[in-house]
Amino acid sequence: MATTAAVPRQISQWTLRLAAGQAATSAAIPLNASVGAVSAATLSHHASLAGTSVGLAMLASVGSLFVAGRVSDRHGRKPVLTAGLALLSLGAVLCGVAISVDSYALFVAGTLVFGSGQGPAMMHRAAAADLYPVEQRAHGVGLVASAGAVGSIVGPLLASGLILALVPLGLGERTAPWLLVPLTAGLAILLVRGIGTDPRDVARRLGDWFPGTAPAVETGEPRSRRELLRIGPARAAIVTAALIQAAMVGVMGITAVVLDQQGLGAAAIGLFISAHFLGMFGLAAPLGRLADRLGRRRMLIAGILGTAVGAVGTALLGQSLLILPFFFLLGLGWCSSWVAGTTVLADVTTPVERGRLTAMNDQVVSLCGAAAVLSAGVVLDRFGFPAVGIGLAVLLLAALPLTLRLRETSPGVYSP
Numbered sequence: 001m002a003t004t005a006a007v008p009r010q011i012s013q014w015t016l017r018l019a020a021g022q023a024a025t026s027a028a029i030p031l032n033a034s035v036g037a038v039s040a041a042t043l044s045h046h047a048s049l050a051g052t053s054v055g056l057a058m059l060a061s062v063g064s065l066f067v068a069g070r071v072s073d074r075h076g077r078k079p080v081l082t083a084g085l086a087l088l089s090l091g092a093v094l095c096g097v098a099i100s101v102d103s104y105a106l107f108v109a110g111t112l113v114f115g116s117g118q119g120p121a122m123m124h125r126a127a128a129a130d131l132y133p134v135e136q137r138a139h140g141v142g143l144v145a146s147a148g149a150v151g152s153i154v155g156p157l158l159a160s161g162l163i164l165a166l167v168p169l170g171l172g173e174r175t176a177p178w179l180l181v182p183l184t185a186g187l188a189i190l191l192v193r194g195i196g197t198d199p200r201d202v203a204r205r206l207g208d209w210f211p212g213t214a215p216a217v218e219t220g221e222p223r224s225r226r227e228l229l230r231i232g233p234a235r236a237a238i239v240t241a242a243l244i245q246a247a248m249v250g251v252m253g254i255t256a257v258v259l260d261q262q263g264l265g266a267a268a269i270g271l272f273i274s275a276h277f278l279g280m281f282g283l284a285a286p287l288g289r290l291a292d293r294l295g296r297r298r299m300l301i302a303g304i305l306g307t308a309v310g311a312v313g314t315a316l317l318g319q320s321l322l323i324l325p326f327f328f329l330l331g332l333g334w335c336s337s338w339v340a341g342t343t344v345l346a347d348v349t350t351p352v353e354r355g356r357l358t359a360m361n362d363q364v365v366s367l368c369g370a371a372a373v374l375s376a377g378v379v380l381d382r383f384g385f386p387a388v389g390i391g392l393a394v395l396l397l398a399a400l401p402l403t404l405r406l407r408e409t410s411p412g413v414y415s416p
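Note that my numbering has the sequence shown beginning at 1, numbered continuously upward.
I should point out that these hints are in silico values taken from the structure, not numbers from a laboratory.
Note that the coordinates shown come from a computational prediction; the quantities given were computed from them, not determined experimentally.
Please note that the accuracy of each hint is not assured.
Stated by the list, open to error - Just the calculated beta-carbon pair ranges, DEER-fashion: (1) ALA387 / LEU321: 16 to 24 Å; (2) GLY220 / GLN10: 26 to 34 Å; (3) GLY63 / ARG235: 19 to 27 Å; (4) PRO386 / ARG9: 48 to 56 Å; (5) ALA214 / GLN10: 13 to 21 Å; (6) GLN262 / SER224: 47 to 55 Å; (7) PRO386 / GLN13: 45 to 53 Å; (8) ARG193 / ARG382: 43 to 51 Å; (9) PRO168 / LEU316: 27 to 35 Å; (10) SER44 / GLY186: 25 to 33 Å; (11) VAL378 / LEU316: 40 to 48 Å; (12) LEU322 / GLY220: 51 to 59 Å.
Built from N, CA and C at the ideal position, the CB exists for glycine as well.
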């Protein structure tokens with residue numbers, strides 16, 4: 001049962017700063033899935049390459065996460081988060097310039113830089129897990145994740161405003177939105193750097209902020225990557241997260257292209273993607289509270305089922321505006337798994353292991369997502385949108401047996 005103990009003021013303030021970073025990240029990533037996907041197809045002159053905007057970014061994040069996880073455990077979370085936000089900004093500028101000069105090669109380069117920042121920047125929720133004891137941990141993760149809803153709503157609105165303001169001045173409709181990223185990420189960098197005590201160090205001395213909480217037990221050297229992957233709950237969380245990511249981004253990346261083929265403009269497509277991102281983040285805080293109350297296992301299962309239904313519904317109704325509720329559900333199922341899975345990884349690790357395990361999780365997730373979105377374009381060309389959604393939903397259901405075998409005796413406590 002989740003505790004009702006008051007959260008110290010400093011912890012609340014630092015959580016808000018992490019939330020600002022999450023909001024900036026969530027404002028940036030939809031651009032890659034909407035404007036980026038359409039621009040990739042246009043610049044390359046091949047619809048099947050539409051998924052490169054999302055897929056290549058995910059592949060780039062895999063490489064950067066090798067470094068991010070180790071740096072996070074050795075030097076703290078703040079350096080990793082600020083570097084991720086800076087790379088997002090640089091990549092966005094390069095993508096905008098590439099669209100202006102009609103260069104697919106430069107667009108690919110910008111996408112790779114953007115993706116290198118995407119992985120580390122998405123670790124704000126892991127830093128939030130450091131700030132809370134096990135009884136409140138999922139809710140803390142959910143609070144930061146829910147800030148993504150602000151980014152997903154405000155981001156497209158600000159991007160549309162940039163289009164209206166800058167297109168009359170000669171900037172292209174698909175170039176202007178990218179300027180949003182350095183503006184919002186720059187502010188987030190200042191806020192994250194202002195966190196007084198690095199979240200890793202808070203986790204090592206939680207009792208200083210939450211009296212009665214036992215200090216983190218760190219005996220000997222941190223466990224190796226292989227040893228961490230032998231932890232049963234960690235395996236279940238990682239497999240579930242990877243397959244849900246594949247289903248979610250595979251469908252999401254293609255949906256923008258399908259809507260573009262119906263004649264919708266960049267601003268309208270951005271609003272549809274925004275509804276999806278609202279599902280991904282808007283209810284993260286209450287979902288986190290449910291994970292603290294009902295257990296991580298139940299929320300992982302709910303995420304699998306919700307994402308599968310959303311993927312099938314979106315794909316079957318892809319030619320209709322009726323996809324909206326299913327597109328939302330696709331994001332909501334992902335959110336349930338993301339919050340619960342992140343919390344599981346924190347539950348089973350010490351503060352100096354948590355960064356590497358989270359990075360490994362995100363690497364696997366990125367690889368599966370990249371494979372899904374890159375292959376989804378080919379499947380779309382040959383078999384149509386329904387085949388994409390149904391195929392990915394069936395693949396996702398393969399995670400159910402492993403998750404059902406997870407033994408959680410109480411929220412955040414696991415047995416062999």
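Consistency of the hints with the structure:
no.: 1; hint: ALA387 / LEU321: 16 to 24 Å; in the structure: holds (21 Å)
no.: 2; hint: GLY220 / GLN10: 26 to 34 Å; in the structure: holds (31 Å)
no.: 3; hint: GLY63 / ARG235: 19 to 27 Å; in the structure: holds (23 Å)
no.: 4; hint: PRO386 / ARG9: 48 to 56 Å; in the structure: holds (52 Å)
no.: 5; hint: ALA214 / GLN10: 13 to 21 Å; in the structure: holds (20 Å)
no.: 6; hint: GLN262 / SER224: 47 to 55 Å; in the structure: holds (50 Å)
no.: 7; hint: PRO386 / GLN13: 45 to 53 Å; in the structure: holds (48 Å)
no.: 8; hint: ARG193 / ARG382: 43 to 51 Å; in the structure: holds (48 Å)
no.: 9; hint: PRO168 / LEU316: 27 to 35 Å; in the structure: violated (40 Å)
no.: 10; hint: SER44 / GLY186: 25 to 33 Å; in the structure: holds (30 Å)
no.: 11; hint: VAL378 / LEU316: 40 to 48 Å; in the structure: violated (20 Å)
no.: 12; hint: LEU322 / GLY220: 51 to 59 Å; in the structure: holds (57 Å)
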